[in-house]
Amino acid sequence: MKFQIEDVTVYFPYDNIYPEQYAYMVELKRALDAKGHCLLEMPTGTGKTIALLSLITSYTLSKPSNPVKLLYCTRTVHEMEKTLAELKLLHNYQLHHLGPSVRMLALGLSSRKNLCINPSVVSAENRDSVDAACRKLTASWVRAMAIENPNVRTCSFFDNYEKAASDAILPPGVYTLQDLRAFGKEKGWCPYFLARHMVQFANVVVYSYQYLLDPKVAGIISKEMQRESVVVFDEAHNIDNVCIEALSVSVRSQTLEGAMRNLNRMSQEIDRLKATDAGRLRAEYNRLVEGLAQRGNLPIGDTWFANPALPDDILKEAVPGNIRRAEHFLSVLRRLIQYFKGRLQTENVEKEGPVSFVASINTQVGIDQKMLRFCYDRLHSLMLTLEITDTDEFLHIQTICDLATLVGTYTRGFSIIIEPFDERMPHIPDPVLQLCCHDASLAIKPVFERFQSVVITSGTLSPIDLYPRLLNFNPVVSQSFTMSLTRDCICPMVLTRGSDQLPVSTKYDLRSDPGVEKNYGKLLLEMVSVVPDGIVCFFVSYSYMDGIVNSWHESGILKEIMQHKLVFIETQDVVETTLALDNYRRACDCGRGAVFFSVARGKVAEGIDFDRHYGRLVIMFGVPFQYTLSRILLARLEYLRETFQIKEGDFLTFDALRQAAQCVGRVIRSKADYGMMIFADKRYSRHDKRSKLPGWILSHLRDAHLNLSTDMAVHIAREFLRKMAQPYDKTGAMGKKTLLSQEDLQKTGNGIGEMLF
Amino acid sequence: MYSLLVPSFCAINKLSSALFQGGNYIFEFDSFADRDICREFVAAAIAFHGETGKSTSEKPAAALQDEQLSTAEMEHRIKLLQEDNELQRLHKQFVIGGILTEAEFWATRKKLLDQNDRRKPKQRVALKNEMWSVKPLSDGQSNRVTFNLTPEIIHQIFAEKPAVRQAYLKFVPNKMSEKEFWTKYSRAEYLHSTKNVVAAAAEAAEDEELAVFLKQDDMLTNEARRKIRRVDPTLDMEADVGDDYMHLPDHGLLREESKDVLDSQYEPYRRYFSQDLNQHAAVVLQGRVVDVELGDTRSVAEALARTKQAELANEVSDGNLEKDLSHRISRVAEIEDLQGPRDLAVAPLCIKDPRDYFDSQQANALKPLGDAGSGVKTLKFNVSSVEAYGSLRELISEIRVTGLSEPITDPEVAFKVLSGLTQNISSTKYHLGKSPHESILDSLPKVTKEDLLHHWTSIQELLKHFWSSYPITTKYLYTKVTRLKDAMSQVYPKLQVHFVLLDNYNCFLYNGLPTCVYNFSCIFSLNSRKLRNLCSQISGIKFPYLSNQCFRL
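Each protein sequence line maps, in turn, to chains A and B.
Quick note on the working numbering: the first sequence kicks off at 1 and runs consecutively.
Quick note on the working numbering: the second sequence kicks off at 1001 and runs consecutively.
Hints are not guaranteed to be accurate.
[What the hints assert, rightly or not] With a cut-off of at most 25 Å between alpha-carbon atoms, the simulated DSS-like pairs for lysine-lysine come out as follows: (1) B:K1128 / A:K522; (2) A:K341 / A:K370; (3) B:K1195 / A:K559; (4) B:K1227 / A:K185; (5) A:K559 / B:K1446; (6) A:K647 / A:K730; (7) A:K185 / B:K1323; (8) B:K1323 / A:K187; (9) B:K1323 / A:K559; (10) B:K1195 / A:K518.
[Said to hold, decoys possible] Negatives, chain A to chain B, calculated, CB over 12 Å: (11) N362; (12) K507; (13) F654.
[To be verified] Some, not all, of what chain B presents toward chain A, calculated at C-beta under 8 Å: (14) L1277; (15) A1282; (16) S1326.
Calculated from the structure, these hints are not laboratory results.
For each residue, glycine too, the CB sits at the ideal point set by N, CA and C.
Whole structure, please, built from the sequences with the hints as guidance.
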């Protein structure tokens, strides 16, 4: 269908549209018009992605003189694929209606591991070895050597791509990673380098958060993007954590030992180079005098490094004189590692700010802040000069330099925490030095500054006023949408007691109580016998899940559960978890029914949908609070209190509840879908906890469902499932329209927004 | 095996008849399988005796006359009889009543016999969704620990732990005996159940065969790596690991969940319950892939290994994996809810029992479907060959011009027709023995109705045999025909009792016994001399009313 939003004709690939999708588009358009940032919360299962894509592409089409580019960031690769698939659908629709003039180029970008098609490279075990194997075949000096010596192996796909030179372009269209690989195979070109190259010409780029938020990466991949871009962070409820992670580094004694080995190897290389080709080192020295900005001219295969701290001025400065010479730089690094070693030998927990840390480095080993700041760039320049291809061997020294650069760049928002052992296992010495970032706004600041519009959207952004404070920006539009439902297709419940009326909770003192474990087990057992198809259970942590599953196994509850459904479980091994999920879906497809045990804050909770029959019920066992004794968390809470006046308790509750909401929200994908959500912990019945849940869940949480015991919950589940399995009128019978057709939109014009809210 | 069993059958037959008359017997068997077969047979025999009462003596005689039946066949027949009440009644009446021999009875039901073997694959029993956890039985006094393994459990172990299966094929019986093998395996399981990784590693270092069980299963790991390539891309979390542009260790905040660190030398001996849980569920989901007798451990292991290899070969040859995967993504991407109404999907027509289907459709062929709205054209049924040829040519030329539409019929129309026909079939079945508009049968008392229907089926059965004996070339056939004739003559007086009771028996004849009537009328209108001869023999049966009736019809 197509319709007008003010001056923009929107092409939407379906026959109908939800009213909230329409309202979402209206708000989004306002933000684009104002060239500002926005924050939009819309419940899962209302088609956020297609609404976004549809409006932004239509917006571009309606303003051909000034096309905006869309940078769409997803959390996971499969979301990337899904987004591109939706875009493909939309693009086909637009092509069908407007003809070939609207052709656009959209592609996904991922690491070599996900894009490589060279069988000898891609079969490598992990991504580091894939990267290294690729560099071994594609680095400029390797190819130079191959010209002289035919025995040197290169990658035929890369060679073909190079040979095609400017002809190597992707024709317009929408390319998922699958499609890119297929295209690469067909043409014999390397899809990874092709995609990297095409990113600057594409109208839509879909990639992971990292490519914009991690300054090390953003400096390489995203530096070419023009200001007239719209950046979308989808599923952005955890964006503050991603920002913080991007700027945090930790060092252990293994890291230091590895770094020492790296340094020895590098000094051997330097000696060898001095004997054979001293001119190369001299050329590097001259380049460093002029500043590092030149590195943009390096051949494409080599540009794989960037400064972890983005501010532009750093690139314009010349490298300090005392680390320009390779030997000098190595000795600086040796001294730095010695210093870290000394710090790790402490017997007490130490915590300090970056300023005093830098000062202490300066007094003890004589390395000043400016030298620290240039460590990362200087290292990579040296590695290029030394023609080191097996970069995965040199990760340790990179980590050290990364830390040095961060400490040298930022004076606030960080702390250095040195712990001689893990809190929970004090008898095992495991010293670790952590540089932790507390301020999420540091990493995202360049993004807000560089791009015209940044859209932050998710199903759970409650409370919506907290995010602008955490990320330090001013949104022009900040809106939370409710869900217009044809029928009450979600049924949240708070379960506070087992069938024996004893309270259930994962609170520290109740957690390992056998009575609570039994009551949780009985709850699941009752539910598996009532609910058809798939059930998903979330636990507060891996260790808790392992513990409770083991105890269910020993007490025979697990055996009884298995008489109704198959049981799959998330593990820390990603491959195994993926296969378990695949089997889980198959079990739901064939009608066998299954239960999936998963962890809040885990990978599954983050990105896997349990829509339709894949999840008719989610049980959240406990409140997923963070481990509150962690020093890093305490330091962050302190920072938040001092800087933003956010109370510790409030932040912890907010964080736990957004995780819980995220977990249970996975169960709904469209309005035709239905599902139940059980919050199984007595603490959810308290108002201060519950009120942090997003509005679309709260509006369905009836007062009668706030304090249930197991048998009451089972009764409600039976009733609900019976009601939901009936056929119903999709367009919404009771006065309020929940599905709009083109005519409906034309009739009401822009009055829809008012009609809804 | 069968040759041994068949004589024992006769023995059991006699025994069971004796058993029925009273007295206790104790049987001893070599194996459970033998016992099960015999038990079933005896049970069936007792059931027969119970029904027939006195006529026990004829049964063994009939059975002896039979061709030697294999146990499987015998079981199959018994099963058929048990399943179909009517068949059992007929069998009782004619075979045990001595009118037909066992072979004759089944000869007309060949289709039933082999159809059930071939078409309906034996229902496979799913694997039990129960994990075999080691619950060592300790007697409390010595250090002895006892484990119980059944063939079912062994099958499960082989399916869930390919390394154990492989080890079995490798070690047994060359290197160690079966018992030693399982003892060793149980020891490994016991070590695991104590959760003492260090002890397990120490034991494994001393005994390399034990180490096979204690180490992590490499075959599973390889299989996982293979399978991950075929996984649904919408849940491929493996792709996320290392999606970041550059990957440095120790970046990001430390996870709160730190694995308890263990020396790398012990790492291979660590085992997680969650792994077993997932593997177990995966195997159960896959179901019973092999169809072998569970008792023979070696053949189970070999069969499982074979299926794995076949699976591997299939995967290699499967070329359109990529296409399939991207198709899957695009299907997921759509929001069905917002979509307008769709065309119905095309599904291939699949008729399980064509005879059953088309026989019951005969009536439909002549009358249009219930709804007049579907635009059924009136068709000419009597056409000359020229006309038929003409219309065929016309149709072909039309197709030449327009081409075949794809799909050939409009799915909507096809669906309508199909559901109409299906409804008709079910209603014909329901109206069995009565016409849709008049149901005089229904007005009869229930007992009478059932009796009549039974007579109808039994006469049908007899007539079937009667006609199948034609032409009468041997003495055997002649006696058979006589026997049948006698039997039919016995039916008549029984029927007459009902007829007398009924006012409107003409109607009954018309409605309830169409086949009989048809058959008899055939007999009476036949011309050939031999048949006349036959007819005169039959006329001895004396059906005065019926024959009159027939001619009038």
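Evaluation of the provided hints:
no., hint, verdict
1, B:K1128 / A:K522, "holds (22 Å)"
2, A:K341 / A:K370, "holds (22 Å)"
3, B:K1195 / A:K559, "holds (21 Å)"
4, B:K1227 / A:K185, "holds (22 Å)"
5, A:K559 / B:K1446, "violated (50 Å)"
6, A:K647 / A:K730, "violated (44 Å)"
7, A:K185 / B:K1323, "holds (14 Å)"
8, B:K1323 / A:K187, "holds (17 Å)"
9, B:K1323 / A:K559, "violated (40 Å)"
10, B:K1195 / A:K518, "holds (23 Å)"
11, N362, "holds (24 Å)"
12, K507, "holds (17 Å)"
13, F654, "holds (18 Å)"
14, L1277, "holds (5 Å)"
15, A1282, "holds (5 Å)"
16, S1326, "holds (5 Å)"
Consistency note: the structure conflicts with the earlier hints numbered 5, 6 and 9.
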